[in-house]
Amino acid sequence: MPETAFSPPADAMPTTLLGGRVRLWQPAKGYRIGMDGALLAAGAAGILAERAERAVSALELGCGVGGVILSLGARCPQVRAVGIERDAATFALTQVNLAQAGGDHRVIHGDIGTGYRAFDLPRFDLVLSNPPYFDDPETLRAPHELKRPAWIADDGLQAWLDFAQAAVVDGGEIVFIHRADRLADILSGLPKCGSFVIRPIQPFADKEAKRVLVRAKRLGKAPLRLLPPLILHDEGERKHTPEVEAILRGEAELGW
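Be aware that the sequence shown starts at 1, since it is given in the numbering used here, and climbs by one per residue.
Bear in mind the hints are in silico, worked out from the structure with no lab data behind them.
Hints are not guaranteed to be accurate.
As the list claims (entries may be wrong) - Think about it this way: if two alpha-carbon atoms lie no more than 27 Å apart in a straight line, the pair counts; the simulated DSSO-like pairs of lysine-lysine are:
1. Lys29 <-> Lys239
2. Lys210 <-> Lys29
3. Lys207 <-> Lys239
4. Lys239 <-> Lys221
5. Lys192 <-> Lys221
Since we're looking at a predicted model, the values are computed, not measured.
Please put together the full structure from these sequences, using the hints given.
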């Protein structure tokens, strides 16, 4: 990989996404971009595919090592993205990844819990996030300490929803991926938004949804739409269904 202004730590590992179109470093231990991040990027790309703007500003809350930002940028070159990341080591690695990739994306070191106004940022056309899935550390077996910031939302899910709602322009869109059992909290936690579109994500066709992708528009008025589920795995020899394989290779967006 080419030299950059930053150097990855010795324990970082190279990773490729979208069939090799995205190259980045991830920690050998700790939180790594996975299926949820891949689907978030594909869902955001599906939203932008509907829009005709030449340039789109996007903000990712809790951007990790930048995998979602870089995947979205590879899918949609018109995007100029900003990420916010709290963990100092992860933030440093994100700087490496964005510098290596080039382009106009950038990352800010900060905590979502301090609120949107603390960042002195403009509002964005699109805000996306794969926030920590738990508010109370007593509700699950303690994760590895390196993964704790990605699993535990110290300020609660509502802090992430409030930030997203404040950071998006009127008529702009928000897309979150989260646990299916928090869907009611997401919908009620975005009172300034409407035009909700929900995509359940099921591990198998005969299993209940464990995740949901939620799309919302600030000041939107359209009725809520519940889409057919995305099925991740089939019962055959393939690891993923053909639809999911195409998404992971970057050959398809996640449509709405």
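Enumerated hints in conflict with the structure, sorted upward:
4
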